[in-house]
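Just need the whole structure built from these sequences, with the hints factored in.
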Amino acid sequence: MANLCGVIGIGQTKYDAKRIDVSMPGLVREAALRALEDADLSFADIDAVVIGKAPDMFEGVMLPENYLADAIGATGKPLLRVHTAGSVGGSTANVAMSLIHAGIHDRVLTIGWEKQSESNAMWGLTISPPFGVAVVAGAGGYFAPLIHAYIERSGAPEDTGIRTALKDRQNALLNPLAHLRIPDIDFDKIANSPMLWDPIRYLESCPSSDGACAMVLAREDLAEQAPTAPAWVHATAMRSEPNQFPGRDAVNPQAGRDAAADLYKQGKISNPRKEIDCAEIYVPFSWFEAMWMENLGFAPEGEGWKMVYEGATALDGDMPINMSGGVLSSNAIGASGMIRYAEAAMQIRGQAGEHQVDGVRKSMGHAYGGGSQYFSMCLFGKDKP
Amino acid sequence: MADAPDVLRGPHVLEYPFKRSLGPVLSRFFTSLRDRKFEGIEDKDGKVLVPPQEYDPQTGETLTEWVPVGPGGEIVSWSWVSKPRKKQPLDRPFAYALIKLDGADAPLLHAVDAGSEEKLSKGARVVPRWADEPKGGINDVVCFDLEGK
Amino acid sequence: MADAEPIKAIVTPVRLEYDFTAGKAATLFLRGLARKKIIGARSGPGQPVLVPPRGADPRTSELAAEAVEVKDTGTVVTYSIIRVPSENIKFELPYACVNVLLDGAAIGFFHVLQNCPLEDVRIGMRVRAKWVADDKLTTSVSSIEYFEPTGEPDVPYEKLRENT
Amino acid sequence: MRDVGILSFAQSNAKSELRNEVEILLPVVKEAVKASGLARNDIDFTCSGSSDFLQGQPFAFVMALDGVGAWPPIKESHVEMDGAWALYESWVKIQTGEVESALIYSFGKTSPGDLAEVLALQLDPYCVTQLWPDADSVAGIQARLFLERSGRSERDLAEIAVRSLADAKDNPHAVAKGDFDAAKLLSEPYRTSPLRDHDCPTNADGATVMVIASADIARKHGQRPVWIRGIDHRIDPPALGVRDLTRAPSAEIAAGKARVGADKIDFAEIDAPYTHQELILREALGLGDGVRVNPSGGSLCTRTLFSCGLNRIGDAYQRIASGDGDRAVALATAGHCLQQNLVCVLEGE
Numbered sequence: 001m002a003n004l005c006g007v008i009g010i011g012q013t014k015y016d017a018k019r020i021d022v023s024m025p026g027l028v029r030e031a032a033l034r035a036l037e038d039a040d041l042s043f044a045d046i047d048a049v050v051i052g053k054a055p056d057m058f059e060g061v062m063l064p065e066n067y068l069a070d071a072i073g074a075t076g077k078p079l080l081r082v083h084t085a086g087s088v089g090g091s092t093a094n095v096a097m098s099l100i101h102a103g104i105h106d107r108v109l110t111i112g113w114e115k116q117s118e119s120n121a122m123w124g125l126t127i128s129p130p131f132g133v134a135v136v137a138g139a140g141g142y143f144a145p146l147i148h149a150y151i152e153r154s155g156a157p158e159d160t161g162i163r164t165a166l167k168d169r170q171n172a173l174l175n176p177l178a179h180l181r182i183p184d185i186d187f188d189k190i191a192n193s194p195m196l197w198d199p200i201r202y203l204e205s206c207p208s209s210d211g212a213c214a215m216v217l218a219r220e221d222l223a224e225q226a227p228t229a230p231a232w233v234h235a236t237a238m239r240s241e242p243n244q245f246p247g248r249d250a251v252n253p254q255a256g257r258d259a260a261a262d263l264y265k266q267g268k269i270s271n272p273r274k275e276i277d278c279a280e281i282y283v284p285f286s287w288f289e290a291m292w293m294e295n296l297g298f299a300p301e302g303e304g305w306k307m308v309y310e311g312a313t314a315l316d317g318d319m320p321i322n323m324s325g326g327v328l329s330s331n332a333i334g335a336s337g338m339i340r341y342a343e344a345a346m347q348i349r350g351q352a353g354e355h356q357v358d359g360v361r362k363s364m365g366h367a368y369g370g371g372s373q374y375f376s377m378c379l380f381g382k383d384k385p
Numbered sequence: 001m002a003d004a005p006d007v008l009r010g011p012h013v014l015e016y017p018f019k020r021s022l023g024p025v026l027s028r029f030f031t032s033l034r035d036r037k038f039e040g041i042e043d044k045d046g047k048v049l050v051p052p053q054e055y056d057p058q059t060g061e062t063l064t065e066w067v068p069v070g071p072g073g074e075i076v077s078w079s080w081v082s083k084p085r086k087k088q089p090l091d092r093p094f095a096y097a098l099i100k101l102d103g104a105d106a107p108l109l110h111a112v113d114a115g116s117e118e119k120l121s122k123g124a125r126v127v128p129r130w131a132d133e134p135k136g137g138i139n140d141v142v143c144f145d146l147e148g149k
Numbered sequence: 001m002a003d004a005e006p007i008k009a010i011v012t013p014v015r016l017e018y019d020f021t022a023g024k025a026a027t028l029f030l031r032g033l034a035r036k037k038i039i040g041a042r043s044g045p046g047q048p049v050l051v052p053p054r055g056a057d058p059r060t061s062e063l064a065a066e067a068v069e070v071k072d073t074g075t076v077v078t079y080s081i082i083r084v085p086s087e088n089i090k091f092e093l094p095y096a097c098v099n100v101l102l103d104g105a106a107i108g109f110f111h112v113l114q115n116c117p118l119e120d121v122r123i124g125m126r127v128r129a130k131w132v133a134d135d136k137l138t139t140s141v142s143s144i145e146y147f148e149p150t151g152e153p154d155v156p157y158e159k160l161r162e163n164t
Numbered sequence: 001m002r003d004v005g006i007l008s009f010a011q012s013n014a015k016s017e018l019r020n021e022v023e024i025l026l027p028v029v030k031e032a033v034k035a036s037g038l039a040r041n042d043i044d045f046t047c048s049g050s051s052d053f054l055q056g057q058p059f060a061f062v063m064a065l066d067g068v069g070a071w072p073p074i075k076e077s078h079v080e081m082d083g084a085w086a087l088y089e090s091w092v093k094i095q096t097g098e099v100e101s102a103l104i105y106s107f108g109k110t111s112p113g114d115l116a117e118v119l120a121l122q123l124d125p126y127c128v129t130q131l132w133p134d135a136d137s138v139a140g141i142q143a144r145l146f147l148e149r150s151g152r153s154e155r156d157l158a159e160i161a162v163r164s165l166a167d168a169k170d171n172p173h174a175v176a177k178g179d180f181d182a183a184k185l186l187s188e189p190y191r192t193s194p195l196r197d198h199d200c201p202t203n204a205d206g207a208t209v210m211v212i213a214s215a216d217i218a219r220k221h222g223q224r225p226v227w228i229r230g231i232d233h234r235i236d237p238p239a240l241g242v243r244d245l246t247r248a249p250s251a252e253i254a255a256g257k258a259r260v261g262a263d264k265i266d267f268a269e270i271d272a273p274y275t276h277q278e279l280i281l282r283e284a285l286g287l288g289d290g291v292r293v294n295p296s297g298g299s300l301c302t303r304t305l306f307s308c309g310l311n312r313i314g315d316a317y318q319r320i321a322s323g324d325g326d327r328a329v330a331l332a333t334a335g336h337c338l339q340q341n342l343v344c345v346l347e348g349e
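Protein chains in written order, with this note's numbering: chain Y, 1 to 385; chain H, 1 to 149; chain X, 1 to 164; chain D, 1 to 349.
No wet-lab data here; the hints were simulated from the structure. Certain hints may be false.
Said to hold, decoys possible - Pairs of lysine-lysine residues, derived as DSS-like cross-links and limited to a Cα-Cα distance of at most 30 angstroms, are as follows: (1) Y/K18 x H/K135; (2) X/K8 x H/K47; (3) H/K37 x H/K122; (4) H/K44 x X/K8.
Claimed, not checked - Have a look at the derived ranges for each label pair, beta carbon to beta carbon: (5) H/K83 x Y/K14: 40 to 50 angstroms; (6) D/A262 x Y/D47: 18 to 28 angstroms; (7) H/G148 x X/R15: 29 to 39 angstroms.
It should be emphasised that the depicted structure is a prediction, and the values quoted were computed from it without experimental measurement. Ideal Cβ positions, reconstructed from N, Cα and C, are used throughout, including at glycine.
Below, the structure is given as structure tokens:
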């Protein structure tokens, strides 16, 4: 790619079930200002803003970014609004990165957000038109059957999901911004939590959060001057496929495999598990860690659960996944994908505090959405590509 | 499918009582409204904005200087609604208007109950008609009336 | 009034009414349900039958407008037991949500499974639609009250893998 | 910047559409792909624009994938904006060098909902939406301020409507069209004063599809290449009381960045849903009185929301491609009172 892009500022809000202390502008701005502060810049230094969130119905505001324009310093500037279902936080960042790659702008602010407490995600996700009958209860109702199919296929032990949940919930205790921080978390507590959508238990599910995440991106020479060394963007990839069609593998979707292959090719990665030091992967329900390990090529098909079992995905494993606690610990839907990117970039920049992995040179962010149909990914490096 | 049947249609209702947390600026504005008072906020150029904006519309900087305004004001522009809709503030013809409250620089959008459009003009003086039981919200002002009506 | 608590939040009710149109392919399907028939659509002879039809074969984006009736029996390709309440959902908790591959169709169809202990719900199980009484049939998926087991032998997973 | 050319454009507009989004899009995509001379699988990138609130269904764009050729998986993105911004994202993507061609589509159905109420959800959710001002009233407030500032008259507005409706007669895709008399229109009652029915848009349902590509592909296409010479978009603050509603500074900045004034403009296609907005945008774009505006009839005659901005760019493309002009400007707008604007300069080879 012609122009290099570096992440020079990262800002996140505290994630919580209800951020009753702020308005929508206040929430989005909290992340934006923190990202600017990290980059030692102000709104005046920003050329364009790219913002993303999931359906407008969650907040009941149509095109809320138009209302938010001044709160995010976009007045007189280009403002793009991305919406690619759950993957939106990732694809929003990808679009923002493309503005730098293309040489169109010098510095771009990108934001993902959701204020789910304005309504109720279970309502927002089960709105169905006349003539139908709502049978699929929320996202869990849609994804639980895919997990059943995965278990049937792979023969994964039934506590695989609990193990991932335990690991992510322990990681969340190291992340002060995480929404769910359960101090006395242990295996039994998760195993004994109520079953919501078999085989997904309450503590194996993501919460519904208010929150925003922002990043400041800059072209090469400006990124080099950043107060904290940038995370360089080595590659980005996006793929989509239809929701349902004969022969569709929704457990291990082609779109995800294609996006990963594209990402590794651009990033000159031949063995992702060896060459990528850690990754933040979109895991809204615990079992998806095992499933995505296969989809992303970190494990052979049918063996993703072994990585969970062997502790490979733990903070001290050979392929740490979701060091921040992941989507299982904070899920402001429109922000969730961008949080994955931001946390992956923080690992490169040594900004992850207690959940920092030592010596990260390459990291990956990942998001997916719809019925496992939309994928966006990003590969970051400490060195320039 | 040459004999495509008539396409089915049916009512679909999207309904939710969205709950909006306010943050410091809107919280103060609505709390004042509940007390039947208007307050505006100064932008970076010293212009008084009502409703108050949390951030400067041009620069995005945080705004903090509060100024009491109103309760009366004058009409800056309007549009006459001859067939009011069910959700709208009045059930007889009225105007949506931009109203510059006394002491404010930026006008506020609200309804004006003037009876007929002929009574409206630029600069016409209006005063708020408060709800019997203000709850804290823009609807604490039912509408504006022409002054001396 | 002056010492009342400050207003921290407001409720802004939204109610929007839409005149929803089902589209051509879905109309065929829904009108079929009112006649106790399950009508799918395909893009041409030999092409897979899509139930419910949305107008196109998603693999080819060819118009799928040729109506094809499928059976009201099928196989559970995957499922979940729902134990969490959700607005808009009327079934009593817990219930089994199943993805049924109807005989003659090429994609699964989501509905609920009843008359079956929850611990018995499994992939490969044979099921049949339980229709509402004839005088209750309408142009709605609710014309199928639920699916129930037929008691036939299960279909092995390998035969279904393509459809999960 | 890399030269990017438009290869094809197709549209479908109707007053009220009973088909679903898949059924509407499918034939339009086919038509545009066929006219592009490329095979669907050879188009590198796909980007779409739409809004969930028009239909009242979240994720309408997810279902749309069925009809647009998304298998095998495609490099795809979606903006919750008019398709004109999907074009912008696609143009950016080609600028990165990662892709050489893109399919852009957008769709919108204005008929299922009560649009006046739906659009109130675009206003300040704390201080304005709960008063439920309909879009026509908000535009009326803007129109009154503009007439006062500019010295223009309601008759000037009526003449814009007469001209647009007459021009739309030559556009098979226009929904409202015909011969009208300004004096007669002015004798009609106000809808939301100072606006009458003829000053307000005729809303429609439909879809638009465009295929663009980098220079090598565009030149091979055969027909007269039409290049995107400049494209830029900007936004103004949201609060109605804060901005000068009689001007569109965002359009002005975008016009400068897109270099509208760098050479002679033969005609303009402007997404101005209300008559007075055409005049505001004319000023912002710096168009002289001689420049013909909206030979298609424009969004006043056919406003398929979330699609009509891209439609204007497509109309301008088709006119240049057929030899009716060499250099044109097209504009897409979003939000109340022209809050956000995209400007695109097109030039024939």
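Check: Against which earlier hints does the structure fall short, listed by number upward?
Finding: No hint contradicted; all consistent.
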